[in-house]
Each structure stands twice: as structure tokens, then as C-alpha cells.
Amino acid sequence: MLGAGGGFVTVPLLVAIGLNVHIAVSLSLSYYVFIAAAGVVRHLRQGTVDLPLGVLLMVPGILAAQVGSQLSHRLPSKALELLVSMLLVSVLVFFATVRTPAHEPQAAPVREGPGAQPAVAASRLRFPRVRSVRGRVYHYTVSVPRVSVIGASVGFVSGLFGVGGGFILVPMLVGFVHAPMQVAVGTDLVAITGNAISGTIGHILAGDIHVGSIVRMATPLIAGGLVGSQLGARACVIFSQARLRLIFNGLLVSATLYMGGAGLGLISAVSRG
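What the sequence shown shows, in the numbering used here, is residues 830 to 1102, in sequence order.
Errors might be hidden in some of the hints.
What the hints assert, rightly or not - Cβ pair distances, simulated, as ranges:
| # | residue 1 | residue 2 | range |
| --- | --- | --- | --- |
| 1 | Gly847 | Gln875 | 16 to 26 Å |
| 2 | Ser1083 | Thr1048 | 20 to 30 Å |
| 3 | Leu1075 | Gly1053 | 35 to 45 Å |
| 4 | Pro974 | Val896 | 15 to 25 Å |
No lab work stands behind these hints, which were simulated from the structure alone. Ideal Cβ positions, reconstructed from N, Cα and C, are used throughout, including at glycine.
All chains, full assembly: derive it from the sequences and hints.
Take a look at the structure:
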């Protein structure tokens, strides 16, 4: 529904049931490989994926996720929890200040596949996009350098924190690319699938988790997540942009409060020391 959940929901919940944060990070990434891929399939069917944009985000993200996963392995658990909580607060503040992309009534059938029109006056580094969602037409421009930097940044964070990256990437696509919320949600799942695969491999190579542990612990998560991802993708086009943002922010606040408790504990311990 939100193009997120692999990290800012899953990691706090796995830590809450007693898993070490490094194992939670690794398990979250492996789980999200399947959930994001299932979400992509559903969003492709309903026309809420901008595939060229997704590929541009995914390629640099795959490389950066390897760097993030290696750094994550070297950080102490409490420091990692504190950084996750700080990241959540930053994303919440940023998304609260982002304006909703403007739209216009759909006046003509949309071409180039479900929900899109062919780009016009495209250049090598910038190309315009037109998407139709719920009878409304949105215009936005994809800048290749900007999108590449966004993809690499999210990939690094994905590998570092075990997050799919959707809770960062969706606000960035809305705020910097000006894509509609529903298209941002569907498109970010394309990039996150690649990031999650890369990050999982990185954590396995670093020794944070073994393949056998992933199979044993992730199987029940994946089974439930595959069902939930299909229901969430359908809900994405039912809710308005405003309602999706409200739900998104509510989940961010909840996760921040939980992970922030761990961070406050670390700060208190450091101050006593």
C-alpha cells in the first residue's frame, strides 16, 4: 500500500520480539525481496509503475547497497538502532513539508501502456513523463543525474539499515521528482527489489546471517507478506494521496517512537560513561 514496510516496520517488530538488530536487518532485507517483487507485479497490472524511472533508481542502488551492508556489519547494535531512529525522524520531517504534486482532469485516453503517455521533447539527461491515476493526469520530469543520486543514496541506506528504502524513496519521488504518490509507491518497489537482493547477499557474505537461518525464519514472514502485499497494492489506488500520506506518517511516528527508545538508552549510557 505504501511502497514501504520492509524496514521501518519490520526491523522494529523483529527487534521487539527479541532478535539482535543485525539479524533483524538481514532478515528484513531477505523478506522484502519477495514482498517487493510481488508488489511490483500487482502495481504493473494496475498501471502505477513508471518502469524506466524504476530501473534508473535500481542500478546505482544495487551497487550502493553492498557498501551499506558492509558498514552495517561493523557498527555496534545500539548505534545501529540509534541511527535508524534518527533516520525515521528525518524522513518524517521531510515528508511532512512536501507538497502534493499538482494534477489536472484526464481529458484524453492515455497511451504508452496502462497509465502513461509517451514522453515528448526528451533529452539524454532529462525526459518528461505523464501518468494517469484515478482519472487525474500528472506531469513530471525525470532528471537522470538526480534520480541516480537518489537511487544510490537509498541503496546505501537499504544495505545499512535493512530497510527496503520505500519510506525514504517514496517521499523523495514525491518531493524531488514530483511523481504522484501512487506512482511513487509502485515505482519504488522496482528499485527496492534490486536493493534488497544486493543487501541480502552483502549481509550473508559479511556473516550476519546464514542462508539456512533465512529459510527457517523468513518463510512464515514471506507467506503472510505475499498475501498482504497484494491487498496493499489494491488499497493504494483506492485511497487518495492525502489519506496515503496520513497513514504513511502515522506508521513513521510509531516506528520512530519505538526505535527512539533504544536510541535514548544508548545516549543515556554514553552520558553516564
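Within 16 to 26 Å or not, the Cβ separation of Gly847 and Gln875? violated (38 Å)
Holds or violated: 35 to 45 Å for the Cβ distance of Leu1075 and Gly1053? violated (24 Å)
Using the beta carbons of Ser1083 and Thr1048, state whether their distance is inside 20 to 30 Å or not. For Ser1083 and Thr1048 the Cβ distance comes to about 26 Å; the hint holds.
Regarding Pro974 and Val896, is the given constraint of 15 to 25 Å on their beta-carbon distance met? holds (19 Å)
Against the hints set out earlier in the document, violations occur for numbers 1, 3.
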